[in-house]
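Participant: Residue strings, one per chain:
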Amino acid sequence: MRLHIWINGKEYTDEVDAGMPLLEYLRSKGCYSVKRGCETSNCGLCTVWMNETPVLSCSVLALRAMDKRITTLEGLQPQAEEFGAFMAKEGADQCGFCNPGFIMNVLAMEKELQDPSEDEIKEYLAGNLCRCTGYAGHLRAVRAYLGRNKN
Amino acid sequence: MLTIKDYCLAESIQQAYELNRKKQNKILGGGIWLKCCHFPIQTAIDLSGLGLEGITETEEGFEIGAMTSLRQLETHEGLNACTCGAVKEALRHIVGTQFRNCATVGGSLFGRFGFSDVLTLFLGLEAFVELYPTGIIPIGEFAKMQPDDSILTKIFVKKDQGKTAYLSARNTSTDFPLAACCVSWKEGTLTASMGARPAKAAAFSRENVCLEDLEKEEFLEEFARDAAASVNFGSNRRASAEYRNYVTKVLIKRCLGSIKEGDR
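For the record, the sequence lines run as chains D and U. Here UniProt numbering is used: the first residue of the first sequence is 1, the next is one more, and so on. Here UniProt numbering is used: the first residue of the second sequence is 1, the next is one more, and so on.
No wet-lab data here; the hints were simulated from the structure. Don't be surprised by glycine CBs; every beta carbon is placed ideally from N, CA and C. None of the hints are false.
Straight-line Cα separation of at most 30 Å, DSS-like style, residue types lysine-lysine; simulated pairs:
#, chain 1, residue 1, chain 2, residue 2
1, U, Lys88, U, Lys200
2, U, Lys253, D, Lys122
3, D, Lys29, U, Lys5
4, U, Lys35, D, Lys122
5, D, Lys68, U, Lys5
6, U, Lys35, D, Lys35
7, U, Lys88, U, Lys144
8, D, Lys35, U, Lys5
9, U, Lys35, D, Lys29
10, U, Lys200, U, Lys186
11, U, Lys186, U, Lys253
12, D, Lys35, U, Lys26
13, U, Lys200, U, Lys260
14, D, Lys111, D, Lys68
15, U, Lys88, U, Lys154
16, D, Lys122, U, Lys88
17, U, Lys158, U, Lys186
18, U, Lys35, D, Lys10
19, D, Lys68, U, Lys26
20, U, Lys26, D, Lys29
21, D, Lys111, D, Lys29
22, D, Lys111, U, Lys88
23, U, Lys154, D, Lys68
24, U, Lys26, U, Lys5
25, D, Lys10, U, Lys5
26, D, Lys122, D, Lys68
27, D, Lys68, U, Lys88
28, D, Lys89, D, Lys35
29, U, Lys22, U, Lys5
30, D, Lys68, U, Lys35
Ranges of calculated distance between the beta carbons of each label pair, as one might list FRET restraints:
#, chain 1, residue 1, chain 2, residue 2, range
31, U, Cys37, D, Ala88, 39 to 45 Å
32, D, Phe97, U, Ile136, 43 to 49 Å
33, D, Asp119, U, Glu11, 42 to 48 Å
34, U, Ile137, D, Gly9, 44 to 50 Å
35, U, Gln24, D, Asn149, 51 to 57 Å
Per the computed footprint, the stretches of chain U lying under chain D, defined by three or more beta-carbons under 8 Å from a beta-carbon of chain D, are:
#, segment
36, 5 to 19
37, 32 to 46
Construct all of the structure, not just a fragment, from the sequences and the given hints.
Facilitator: Below, the structure is given as structure tokens:
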């Protein structure tokens with residue numbers, strides 16, 4: 001079936017299978033930051049933006065993204081690098097496997113919430129699992145990143 | 001693993017209904033639960049082109065399209081103001097933001113899942129659902145029906161919700177609840193909807209209740225006990241029936257406390 005889509009600002013038209021998840025399609029286009037993790041829609045590893053809204057690409061059919069604008073980490077390199085520096089400074093990652101999905105959701109949160117409290121940050125990011133760090137470093141990095149322009 | 005042979009973006013509800021009458025075809029909600037199913041689907045029927053996404057506020061209440069995401073519900077100020085924040089409280093624990101951006105209210109309700117916060121919430125709010133072609137029916141009636149070929153198109157929530165509170169208990173954050181309760185007090189009627197027992201939510205009501213009754217500890221005990229006794233609890237790996245029964249009574253009492261205080 002025919003799919004028309006924008007990925008990181010670039011337009012594509014392709015024939016895809018009816019049951020193909022968006023995740024698989026994005027990886028076929030070279031977006032390897034989008035990873036398959038839990039297969040139960042719980043881990044947040046496959047987070048991308050669909051029309052600026054964070055969604056789980058493992059759970060969205062590629063055909064549902066018809067005429068929509070998809071953003072992956074590859075399309076947000078400057079922002080990802082900036083936040084990544086805060087992650088590194090706080091020792092917030094270990095294996096790094098969860099980072100792409102986590103960064104996508106942090107950047108979405110930054111756009112959606114104004115000056116979020118710690119509880120709001122935790123709630124917004126609850127769908128991003130990390131099995132290495134225990135999240136304390138993540139939280140420090142997010143707080144420092146969100147507060148970077150305050151002083 | 002989910003396999004889908006064909007996909008149809010429905011152009012009318014009639015077309016979707018005709019397609020859905022074939023057993024191998026399935027309506028797509030958010031697709032999250034469907035993804036975990038292990039049966040082949042001939043045609044996945046997508047309702048997202050039918051204008052069923054969004055919440056419309058009217059004088060009497062809220063009209064919620066079946067394709068509205070849980071996140072849209074959670075962040076809707078009017079709906080939360082009318083329900084004392086119960087909508088947000090019921091939904092905010094469901095996995096994560098990205099999940100709730102995908103999951104739809106129609107998909108969450110139509111399955112009448114035994115773990116559902118969403119069904120528990122709307123049963124407590126005494127909502128109505130619009131089914132095609134059946135028409136509009138109370139959600140309590142809908143909850144008792146077996147899933148059939150009909151299509152859930154809209155949910156209606158009245159504005160005069162009185163006082164409402166929602167609470168759930170989970171073994172771990174973002175897991176399914178092991179007990180969930182929505183309690184409302186409206187025009188002298190106290191209603192407790194109890195879900196995640198693990199069976200589809202069911203409600204218990206008592207009439208002629210005044211706010212002063214909620215000040216009496218023995219009334220709270222009695223109401224919670226009678227509500228819990230009116231439904232069956234089951235066991236699974238999350239909790240035993242006995243534990244669920246106990247926790248449900250605690251949640252009901254805490255909801256009654258919130259209603260009394262008016263802080264939810």
